[in-house]
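Trainee: Between the sequences and the hints, there should be enough to build the whole structure, so can you do that?
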Amino acid sequence: MTNTLAPDSHEAAGQRLFALVGVWQFFRVVSGSSAATVSGEATLSLAEPDLMRYDEKGSVLLVDGQSLVATQSYLYQPTRQGMIVHFASEPRRVFHEVLLQEHTDCLRANGHHLCGHDSYATDYVFDAAMRTFQIIHQVAGPHKNYKSDTTYIRST
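Whatever position you read off the sequence shown (first residue = 1), add 32 for the numbering used here.
Just so you know, the hints here were simulated from the structure itself, not pulled from any lab data. Quick caveat, the model's predicted, so the values are computed rather than measured. Each statement offered as a hint is correct.
Within a straight-line C-alpha distance of at most 16 Å, the following computed EDC-like cross-link-like pairs (lysine to aspartate or glutamate) qualify:
no.	residue 1	residue 2
1	K179	D155
2	K176	D150
3	K179	D150
4	K89	E73
Mentor: What follows is the structure, given as structure tokens:
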């Protein structure tokens, strides 16, 4: 069952995202023109009272067997409607804003970002207990066509 949250319950849902603060193991499968797998650790920490910082470090394994190290950072800002995802660079720029939808067993959201001629469609799925979550990016453009599917499991 899907319910877009009632206006007075958005804040509660957005505040639930603060339960993501902590250390997470992740595994990512990238399929399409940039096939690879990535595994590593992501940390969500409080950057400000209303802002979380996401930092990941992972090992990338390319199809040809080459191994690389990758890092990525974002800022997650829970809002009344869901959250705003910012690039972690200065000056701060918005990647996208998403509206949370409550389902029986999870929170879901999706967002869209245009970068030049490239289109990034993103789906978020947070399990109700906030012990796992998934982020899927579908990227399409003149020189890009891939899907990135990442699963996160809370470290114990």
